[in-house]
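Participant: Read off the chains here:
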Amino acid sequence: MKAVVFHGIGDIRLEDVKEPRIKKTTDAIVALTASAICGTDLHMVRGTLSGMQKGTILGHEGVGVIEELGKGVRNLFPGDRVVIPSTIGAATVLIAGQAISRSVTKLIPTGPMPELRFSGARKAAGLLMACRRKRHAFHSQTWAW
Amino acid sequence: MGLVKLPEEVDDDQAILLSDIVPTAYMAAENAQIKPGNTIAVFGLGPVGQFCVACAKLFDVGRIITIDTIPSRLEMARAQGAEVIDFNAEDPIAAIKELTSGIGVDRVIDAVGVDANRPHSGPAAKPAAKKHAKEKEKVAPEANPKDGNWEPGDAPSIVLSWSVEAVAKAGTVSIIGVYSEVDSFPIGNAMEKNLTLTMGNCNHRRYIPHLLELVSSGSLNPAKILTQREPMTSVIEAYKAFDKRKPGWIKVKLEPAIETSLAA
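Residue numbers (the numbering used here), protein chains in the order written: chain A, 1 to 145; chain B, 146 to 409.
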C-alpha cells in the first residue's frame, strides 16, 4: 500500500507503508475512492506548523467505502459509502455550546487541547490512520492516504 | 461514530470537500456572527476562503468583499458574486474603507493564517515590508525551501493586522486560518474598537450532517471549486503545484484507484 509520508520539513515522499488493521474497537478501515490536498498539509511541509513527527502519513481528507469495522461501532455497516471527518470528534457532548466535542479529549492519546488540533498529524497521528488508509480490494496494487 | 454515511445523490467530488474544508468554512461563517444584510470581508481565497464566500451567503450576508492576489482565485470569488481586491494593486484597507464609506465591514473572516504573503507591489508593499520584516524567521526557523517549493509565507501575522483594521467598531473577526507559533495580535486596536474575536479549529463531524442536507437539497454545490483531479502516482507533483499556488490550482482531488484501474 502506498502513502505520502512526511520525512521532514521540505521532504515528503510517496512510498510503501504497512496495511492498516483494526486496533481499537471503534476503528474502521475505509477503502478510499477520493482524497485531497489541504493547505494544512502544506503548513507542515513548509515548517510553519511545527511538531510534525517523521514517518507520519500526510493527508486528512477522505471519502470511501467501509471495508472493516471494529466491534464497538454501532451505526454503520461494512460496504457503507462514507465521508471521513478530518478531525477526530463526535457530535455527542458539546462543551459550552462550542463545536468541540468532549469525547475528543478522551480519544486523543496525548490528552486534551491543543494537541488534538489536527488529526492525521502531529502527535495525534496514529489514531486516525486506520481510517485514512485505503486497501483497494480489486487491484493488486493498493494505495494509502 | 466519526464516519458519516453518504446519500447516493452526493457524489465523490462533492463529498471529499465535506471531509474538511466546507465544514471549516461553514464554522468560520457561523463564528463571524453574520446578521442578515451585513457586509463581510474574507481575507484569502484558497479553497477555504472560496467556501467562506459560499457559506456566508447561507447566513444571508448582504455584501462580500474578498482580498487575495492570485488572478484565478480572485476570478472565482468574483464569479461567486463577491467584490474583489488585489492586495498587490491596492492597499486593501484603503479599498475596504472606500467601499464602506470609511466605516469598515461588519464582519471579517481570516482564511489565510500563518503562511500569509505580504504585498510586494502597490501602495501596501512598503509599510508591510517594514512591519513584518523578521517575522518569517521567527515563525519557521527550520524552513527548508527547494526549487521554489515549501517556502513559508513572508508575513505570518499580516492578516491579523489587516482584519482588525478592516472591521468596523463593534464588529466581529472570525479566524479560521491556522496560526501555530504566531504570538503577535493587535490586541490594543481590537480592544479600542470593541471587537468580538472568534476562532478555532473545526470539529468537522459536528457540521457534516447539516452540510450533507444542504448538498442533497441543492442549496450548496461544493464541487464547483474542485479544479484538479490527479492520480496518486503524481501526488508529489500535485503537492508542489498546490504549494506554489499555480494559476488555477485551487483544490486538488486525489483519485487513488485511477492508475490501477487503467493497468488492470
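Calculated directly from the structure, the hints in this document are not laboratory data. Warning: the hint list may mix true and false statements.
[Unchecked claim] Calculated lysine-lysine pairs in the DSSO-like style (CA-CA distance at most 27 Å, straight line):
| hint | chain 1 | residue 1 | chain 2 | residue 2 |
| --- | --- | --- | --- | --- |
| 1 | B | Lys385 | A | Lys54 |
| 2 | B | Lys291 | A | Lys2 |
| 3 | A | Lys18 | B | Lys242 |
| 4 | A | Lys54 | B | Lys291 |
| 5 | B | Lys242 | B | Lys202 |
| 6 | B | Lys385 | B | Lys291 |
| 7 | A | Lys2 | B | Lys271 |
| 8 | A | Lys71 | B | Lys369 |
| 9 | A | Lys23 | B | Lys150 |
| 10 | B | Lys338 | B | Lys276 |
| 11 | A | Lys54 | A | Lys2 |
| 12 | A | Lys54 | B | Lys283 |
| 13 | B | Lys369 | B | Lys338 |
| 14 | B | Lys180 | A | Lys24 |
| 15 | B | Lys389 | A | Lys2 |
| 16 | B | Lys271 | B | Lys283 |
| 17 | B | Lys242 | A | Lys2 |
| 18 | B | Lys276 | A | Lys2 |
| 19 | B | Lys242 | A | Lys54 |
Participant: All the hints need checking, so say for each whether the structure fits it.
Facilitator: Tested hints:
1. B:Lys385 with A:Lys54: holds, 19 Å
2. B:Lys291 with A:Lys2: holds, 24 Å
3. A:Lys18 with B:Lys242: violated, 55 Å
4. A:Lys54 with B:Lys291: It holds: about 18 Å lies between the C-alpha atoms, which stays within 27 Å.
5. B:Lys242 with B:Lys202: Satisfied, since the Cα-Cα distance of roughly 22 Å is no more than 27 Å.
6. B:Lys385 with B:Lys291: holds, 10 Å
7. A:Lys2 with B:Lys271: Violated, because 46 Å separates the two Cα atoms, which is more than 27 Å.
8. A:Lys71 with B:Lys369: violated, 38 Å
9. A:Lys23 with B:Lys150: Roughly 22 Å between the alpha carbons, so the hint for Lys23 (chain A) and Lys150 (chain B) holds.
10. B:Lys338 with B:Lys276: holds, 21 Å
11. A:Lys54 with A:Lys2: holds, 16 Å
12. A:Lys54 with B:Lys283: Holds: Lys54 (chain A) and Lys283 (chain B) sit about 22 Å apart, inside 27 Å.
13. B:Lys369 with B:Lys338: violated, 37 Å
14. B:Lys180 with A:Lys24: Violated - the C-alpha atoms of Lys24 (chain A) and Lys180 (chain B) are around 44 Å apart, more than 27 Å.
15. B:Lys389 with A:Lys2: With a Cα-Cα distance of about 24 Å, the restraint between Lys389 (chain B) and Lys2 (chain A) holds, given a limit of 27 Å.
16. B:Lys271 with B:Lys283: holds, 20 Å
17. B:Lys242 with A:Lys2: violated, 51 Å
18. B:Lys276 with A:Lys2: Distance of about 44 Å is beyond 27 Å: violated.
19. B:Lys242 with A:Lys54: violated, 46 Å
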